[in-house]
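Model the full assembly from the supplied sequences, consistent with the hints where possible.
If you want the building blocks of each chain, they are given just below.
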Amino acid sequence: MRSSLYLVPDQAGVDPGVANRRTGLWVFMGVVAMLFFLFSCAYVMRMGLPDWRPLPRAPWQLWLSTALLAAAGVAWRRAVVGWGCVLSLAFLASQLWAWRAADFALDANPANSFFYLITGLHALHVAGGLMVAVGARRSQAGIQLCARYWHFMLALWLAMFGLLFWVTPRFVQIVCDAF
Amino acid sequence: MSYGGAHEQSFWTRYVWSQDHKVIAIQYSITAIFVGLVGLVLSDLMRLQLGFPGKFHFIDASVYYQYITMHGMIMVVYLLTALFLGGFGNYLIPLMVGARDMVFPFLNMLSYWFYLLAVLILLASFFVPGGPTGAGWTLYPPQAILQGTPGMQWGIITMLVSLVVFIVAATMGGLNYVTTVLQARTRGMTLMRMPLTVWGIFTATILALLAFPALFVSGVMMLFDKTLGTSFFMPAIVSMGQHLTHQGGSPLLFQHLFWFFGHPEVYIVALPAFGIISDLISVHARKRIFGYRMMVWAIIVIGGLSFVVWAHHMYVSGMHPYFGFFFATTTLIIAVPTALKVYNWTLTLWRGDIHLTVPMLFAVGFISTFVIGGLTGLFLGNVSVDIPLSNTYFVVAHFHMVMGVSPVLAVFGGIYHWFPKVSGRMYDRLLGRLHFWITFLGAYLIFFPMHYLGILGMPRRYYAYDNYAFIPPSAQSLNEFITIVALFVGATQLLFLLNLAWSSFRGELAGGNPWDAASLEWFTPHTPPGHGNWGEETPVVYRGAYEYGIQDGDSDYLPQNSPPEQARGAPAGWSPLPGGGGKS
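Just so you know, the sequences run in chain order A and B.
Just so you know, the numbering used here puts 111 at position 111 of the first sequence, and the rest follows in order with no gaps.
Just so you know, the numbering used here puts 279 at position 279 of the second sequence, and the rest follows in order with no gaps.
None of these hints come from the bench; they were simulated from the model.
Remember, predicted model here, so these are calculated numbers, not experimental data.
Note that the Cβ used here is the ideal one computed from N, Cα and C, for glycine as well.
Only true hints are included.
Derived, one-sided and incomplete: chain A residues facing chain B with beta-carbon distance under 7 Å:
(1) Ala19
(2) Leu35
(3) Asp51
Chain A residues, not near chain B, derived (Cβ > 10 Å throughout):
(4) Ala58
(5) Ala102
(6) Gln140
Encoded structure:
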């Protein structure tokens, strides 16, 4: 970003390019949150039908993935760019391993289809973050924005992990009855 | 410091791989207008079949449904959404808030190229085996991907892929517009001093960012159903005597997701139109917009409400009566802020110094068509009235008045209004007036009779109306009449294109501010504005964008950027700072 484009500094001491990127990232995280919120709504609505067959036990590789993603977030926060990237790639590999280990038939029932769809889309968002991170790693502020995005990816993953394996029709019923 | 000559630019970097918001806006607009022409031709082809059934042999039932689908999708998404956000949004936001460009120019360029890719994929679907999808623009499963629907082989896949690419483009653009409005406003440009056009586009962009994911979700899930055999939306089904492998999907789930996108989409198109009309009316009536703050809040309230009305598109899907009651109530509540905007436009016109320029004609025309379309919306918002009318031409009439004709009139008005800034030249006024009258009267002649056809019970979406005892022969003559008018009005749009093309090169020079408008975009050092928009310093803003009717010699307005000491002759007690109702 050329600083000459911003003759009016909006916040003292803050590079307007960083402020822009920070705002842009918040807006983007809002969009992604909406996207996964809608997937969750679709999942929960589908669950309400009587023929719902829940997913079997979570493959243990997903726990490994969770740890790797959390570690990647910490690496970004500490500004250890190399580890941030390696751990993120390891997360993607571990997700792929989980896919193979789980071996749910994609088209056997909706819960299986949702599992691949939601985990796959989440992995794509991590991969996309990595591609942007290649450009952002040059500045300290950029790395901190990466850390924020990775924390967001972790929170999103925990929400999706929980949704897929621990939200049951009974649980949904209890929540709905409470209103 | 010169921004145009700061670095060498070849033709390619300046006009093709450009990161300048103004060039991108023009690229967006030309692409959108081109694809809109395709949509227009499709509608005329449909009218040929309806007016003269069976006379044109190449239009069989499948082709007719393909025309319906492509016409709807092109007009709503690829023309109107792209033109308002990508075209007007790109051009006007940075100029109106006093920025040098969008905050992420590279992303902005990518947004256009993704949009172009989406358009190309969409148009490619005309040439794939089986042709484009004929599922209707709502693409309801299960029929959209089953035997018997035209284009179920490749057409539906290209359509869904194109939509997904479009959503990526719209998101990249949207991030830019929102961040630019939040971060790159020039000094003094508080939120409550922004022109209503920016407010409209800004709010519509937020709606787009939050609503398009729903279309993305439903599109991706349907792609899975089609290509990978999943059953998100596909129940157990017997098709052509065969049990399909699908089981357990919910078609209703698609309808909820689709309309969670589909209703905000109406306001993604309407809110920028509201903003543009507000600006046009204020400038050409030489009067401060009535109730600026009310107008801003109305935009925000409409935007918020638009997320809780989606199921009024689904009254006939067999929902719980309480559900229908809730959605009817929210739908009718939206009429309040909307009516408020119409009153405020009317009160701005009241005792204004009205100049019936071409943009003003379109703005007043918009109020008329929007009120008509809005009133029939109140009919359809009620469950008990909607159920008998839902599958008739009444809905076609309502929808086209409120979301077809009205936004298009706002687009025309906006283009005529800002054309002198974009090209530096004036359009031909006579051609412009002719274009307005033919389009405006033609729109009424085309769509108004459809209300009667609808109340008569004529069903929409039908390919032919032979042998229905309840449809009298007069309905057919009316259909012929509508078709003839539609062909004429469709051809007239060439006048508009001709006018713009000719005037871009040969029109009389317009000068920097031909309308004596007060908002920032008219005070660029060059017309058309150069790269970087402003001179050495970005402008400083002292008041809102609507200081008209303040007579001082020859001038009757105060530009947003003229310092208070130049505001001579201001009435006693008039303070320059809280302009346009903008105490902030």
